[in-house]
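Chemist: Chains as they are written, first to last, in the numbering used here: chain A, 69 to 257; chain B, 69 to 257.
It is possible that some hints are incorrect.
Which copy is meant is left open, because identical chains are indistinguishable; a pair holds if it fits in one copy or across any two.
In the DSS-like style, the derived pairs of lysine-lysine whose C-alpha atoms are separated by at most 25 Å in a straight line are [stated by the list, open to error]:
| no. | residue 1 | residue 2 |
| --- | --- | --- |
| 1 | 181 | 199 |
| 2 | 199 | 142 |
| 3 | 174 | 199 |
| 4 | 118 | 76 |
| 5 | 181 | 76 |
| 6 | 82 | 197 |
| 7 | 182 | 76 |
| 8 | 168 | 144 |
| 9 | 193 | 242 |
| 10 | 193 | 182 |
Since the hints were made in silico from the structure, they are not lab data.
Number of protein chains: 2
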Amino acid sequence: MQRFRGMKIDEMLKAIDNIEKRIGFNLSDVQKILLTTDGSVTRILEVLTKKPVVIETKVKTIIKADEDLARALKIKSGEDVNFRVVHLKNPDDRALIFAKSWTPMKGLNNSIKKDLTSADIPIGKILIKHKIETRREIMSIDTINADDEMVKAFDVKLGDLMLSRYYNIIHEAKILIRINEAFPISSFL
Amino acid sequence: MQRFRGMKIDEMLKAIDNIEKRIGFNLSDVQKILLTTDGSVTRILEVLTKKPVVIETKVKTIIKADEDLARALKIKSGEDVNFRVVHLKNPDDRALIFAKSWTPMKGLNNSIKKDLTSADIPIGKILIKHKIETRREIMSIDTINADDEMVKAFDVKLGDLMLSRYYNIIHEAKILIRINEAFPISSFL
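Please model the complete structure; the sequences and the hints are all you need to start from.
Modeler: Following this line, the structure appears as C-alpha cells:
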C-alpha cells in the first residue's frame, strides 16, 4: 500500500523488527542507519569506505507520470518526470547501493535541474553545492529479492534478499526527488 | 581556529584520520557516522537502542552573545542566545550523548521558539514536527577530555577521551541552532 506521509520512528522500528523476525537474525547497526537516516547516504558511504563515492548512471530518461507515480510525487498525471537508475560506488569498484529516482521536472530551478538530470553527481552533493534546505520523509522500509539488474550490480544471485527503502526529499514543501535505494542483506555487516 | 563554512567530505575524512592516528586505533563505523552525519542524531540513537530517546535538560538560560559567539552564529554581539546543556538518553538510563546548543532568539518563529527553548524535545523531532527544511554544516570534529559535567553524564573518569563535533543547523539561510555533541570514545564501539 502506498503511503502519503513519512514514517514515524516507531513505524520504522516496527518495520526493522518485522524484517528481523522474517529473516531470523538482527540487522547490523550500519544497515539500520542506512535504512532510516534522513541525512546524506553518500556521506555515510564515503565515511565508511574512506573513499569518494560516485554514481554510475545506468538509465536516464524522461517519463510521463502515470496515476500511481503522480500520486506518489503529488503532481498531475502526464507531467514529466526524470527517471534515473544509478549505482552508488567507489571509483573502479562494484556498486555499494542500487538507486532509482524520480524527479518531477515542473517548476524545477534551472541550475538544480541541470545537476539533477544531467550530471553524474550524487543527490547529497548537489544539495550541498546549491545550499538547498530540505527535509526527508522515509516512506517505506522492506526486503525485496534481487532482480537481473541487481545481479549485475552486486555479488548476489537472482532472488537473493536485499534491503530496500523509499524516501522523498522535500524542498519548498514539494517533492524534489523520490528515491528507492537497495543493497544486499550481506552488505554493511 | 573557528571555521565559518561547513567541512567538506575530505576535510571530515582527514579529521577522522588524524584522530585515529593520535589514539592509535580505528573509530567504529557508528562513531564515524555520528561524527559526520547531516541527518538526525536522535533518530540514529533510537534506531540503535530500539528505544525512545529523550532529552534531560541540565542548563537552560538566555545569554548575551560575546564577540566570538556572535561571529560563530553570524549575529551581532549582545544579541540574545538561548544556551542549553542536555543529555540525550533512553528514559531511565545514562546519557548517550552530551550536547550543548546555542539558539539565536532574534527573528525566531514563535511556535518553533517555544519548542526550541522550553520543551524537552530533541531538535530532530522539533524539525519534523514543524516540517522545517534545513541543511546541516559540520564545523569541526575532534577529541576532547571529559570534564566534571561529562563525568556525571557518562561512565567515564575526569580527562578520559571523548569524541566531539560542532555543527550548525541552517534554516532560511540563517543559523537556527549551533550544536556541540560529545560522547565517550568507549561508546558505540
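Chemist: Could you run down the list of hints and mark each one as holding or not?
Modeler: Hints and how they fare:
With identical chains, the CA atoms of residue 181 and residue 199 are at most 25 Å apart both within one copy (14 Å) and between copies (24 Å). Taking CA atoms no more than 25 Å apart as the test, residue 199 paired with residue 142 passes in both settings, with 24 Å inside one copy and 17 Å between copies. Within a single copy, residue 174 and residue 199 get their C-alpha atoms as close as 20 Å, and across copies as close as 22 Å, so both meet the 25 Å cut-off. In this homomeric assembly, residue 118 and residue 76 come within 25 Å of each other (Cα to Cα) only across copies, at 13 Å, whereas the closest approach inside a single copy is 31 Å.
In this assembly of identical chains, the alpha carbons of residue 181 and residue 76 lie at most 25 Å apart only when taken from different copies (23 Å versus 30 Å within one copy). Taking CA atoms no more than 25 Å apart as the test, residue 82 paired with residue 197 passes between copies only; the shortest distance there is 20 Å, against 35 Å inside one copy. With identical chains, the CA atoms of residue 182 and residue 76 are at most 25 Å apart between copies only, with a shortest distance of 22 Å across copies and 33 Å within one. Taking the closest pair of Cα atoms, residue 168 and residue 144 come within 25 Å of each other only inside a single copy of the chain (20 Å); across copies the shortest separation is 45 Å, beyond that limit.
Taking identical chains as interchangeable, the C-alpha atoms of residue 193 and residue 242 lie at most 25 Å apart whether they share a chain (19 Å) or sit on different chains (20 Å). In this assembly of identical chains, residue 193 and residue 182 lie within 25 Å of each other by CA distance solely inside one copy; the values are 14 Å within and 33 Å between copies.
Of the numbered hints stated above, none is contradicted by the structure.
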